[in-house]
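**Q** Here the protein sequences line up with chains A and B, keeping their order.
Quick note: the first sequence uses my numbering, first residue 3, plus one each step.
Quick note: the second sequence uses my numbering, first residue 3, plus one each step.
Each hint should be verified, as a subset may be incorrect.
Note: identical chains are not told apart, hence a pair may lie in one copy or across any two.
[Stated by the list, open to error] Heads up, simulated DSBU-like pairs for lysine-lysine below, C-alpha to C-alpha not over 30 Å straight-line:
| # | residue 1 | residue 2 |
| --- | --- | --- |
| 1 | LYS55 | LYS43 |
| 2 | LYS56 | LYS124 |
| 3 | LYS102 | LYS43 |
| 4 | LYS152 | LYS170 |
| 5 | LYS83 | LYS152 |
| 6 | LYS50 | LYS124 |
| 7 | LYS124 | LYS83 |
| 8 | LYS102 | LYS69 |
| 9 | LYS83 | LYS105 |
| 10 | LYS69 | LYS83 |
| 11 | LYS69 | LYS105 |
| 12 | LYS165 | LYS69 |
| 13 | LYS102 | LYS56 |
| 14 | LYS152 | LYS43 |
| 15 | LYS43 | LYS83 |
| 16 | LYS152 | LYS105 |
| 17 | LYS102 | LYS55 |
What the hints contain is simulated information worked out from the structure, not anything from laboratory work.
Please read these numbers as outputs of a predicted model, since none were measured by experiment.
2 protein chains.
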Amino acid sequence: MRYPNGMKRQKYNTSATANQFKSQYSNRGMTLEEDINVTNKFYLDTNKAIIYKKPTPIQIVNVHYPKRSAAVITEGYFQAKSTTDFNGLYRGEYIDFEAKETKNKTRFPLANIHEHQLNHMKQIVQHGGICFMIIRFTVHNETYLLQADKLFQMIENRKETLKSLPYKTITQAGYEIPLRYPARVDYLPIIDQLYF
Amino acid sequence: MRYPNGMKRQKYNTSATANQFKSQYSNRGMTLEEDINVTNKFYLDTNKAIIYKKPTPIQIVNVHYPKRSAAVITEGYFQAKSTTDFNGLYRGEYIDFEAKETKNKTRFPLANIHEHQLNHMKQIVQHGGICFMIIRFTVHNETYLLQADKLFQMIENRKETLKSLPYKTITQAGYEIPLRYPARVDYLPIIDQLYF
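Could you build all of it, start to finish, from the sequences and the hints given here?
**A** Given below as structure tokens:
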């Protein structure tokens, strides 16, 4: 099996064992994030879109500067993101999205989305950007694109006590993204249909 | 003197002493990056634009997980950026820029811009994004917005042996950004003029 150029496995792959695989070219223990990174790399290499994952912000407390070699961060902490994971440019339009996967079979827990991320998504929609979520149900090995507007609606319409959205509602309101090769999570054709 | 909400000084402010200050509200030892962060925060708070600095990518080698407290990165390295520092959304358009300051009085050293950043900027222009550089000459305390296209031209037109661009050419091809309060580097009015 050949991989697209530059594909790297991440060191800390925590959800590998939860995935089930449908076809030869679907995920072999890749997280959703890795799949999207590979897809974006493919989009970039083929000059289709310029979309990157934002690095995780890290609060740097201590740095050591050894002689004749690179600076080493010796104390740092992961910080919460105030925005979504991915953004970029496609066909002249600003694209912004968050990607989440769940091992839950029947529901998508809302704890997966932080409030500041939701606020960010609302701002993006308000300012005319294309904004959505990519949600993967790892047990079903199904990945959906859900437009931000529909997500906001679903969150508002749910019973307030409910801390999750039903799998079924997401499959109905969202668009299933085909998992193929080499664009593993080939979401741009859905964007074409919905926004162009 | 009052600062806009949420303004923080960065811990490692290396260029503070090089700045000279023109007016009451201009930079008091703030780096260009800090000024732009404050400006973007103001744009965000006033719902004008959604523009963020991308976090510096850090390669994480070791993480320590103490009981009952946050994970600590105990070995990490700074990685080179493959893109520019800032991007976001303004009036429905994708915005992308890099910010650099120099202590040089008469020239802007091209070593300040990496080749992969230039390539990224070319891609952004090609795909219909708004792309530019913000360049500060700290000794003059002058800050210019230079459109990507003009930057590419200047780089191409220079003598190949020259590793810098003249201050004068930048002041002629660029647009001086007023340094004021509370938007310290108030670049959006120039974007309005040039692109809308």
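**Q** Next, verify each hint and record whether it holds.
**A** Consistency of the hints with the structure:
no., hint, result
1, LYS55 to LYS43, "both (10 Å within a copy, 21 Å between copies)"
2, LYS56 to LYS124, "both (19 Å within a copy, 20 Å between copies)"
3, LYS102 to LYS43, "both (19 Å within a copy, 27 Å between copies)"
4, LYS152 to LYS170, "within (14 Å within a copy, 52 Å between copies)"
5, LYS83 to LYS152, "within (22 Å within a copy, 34 Å between copies)"
6, LYS50 to LYS124, "both (26 Å within a copy, 14 Å between copies)"
7, LYS124 to LYS83, "both (16 Å within a copy, 28 Å between copies)"
8, LYS102 to LYS69, "between (42 Å within a copy, 27 Å between copies)"
9, LYS83 to LYS105, "within (22 Å within a copy, 33 Å between copies)"
10, LYS69 to LYS83, "between (33 Å within a copy, 23 Å between copies)"
11, LYS69 to LYS105, "between (47 Å within a copy, 26 Å between copies)"
12, LYS165 to LYS69, "between (52 Å within a copy, 28 Å between copies)"
13, LYS102 to LYS56, "both (15 Å within a copy, 20 Å between copies)"
14, LYS152 to LYS43, "both (28 Å within a copy, 28 Å between copies)"
15, LYS43 to LYS83, "both (22 Å within a copy, 15 Å between copies)"
16, LYS152 to LYS105, "within (22 Å within a copy, 50 Å between copies)"
17, LYS102 to LYS55, "both (13 Å within a copy, 23 Å between copies)"
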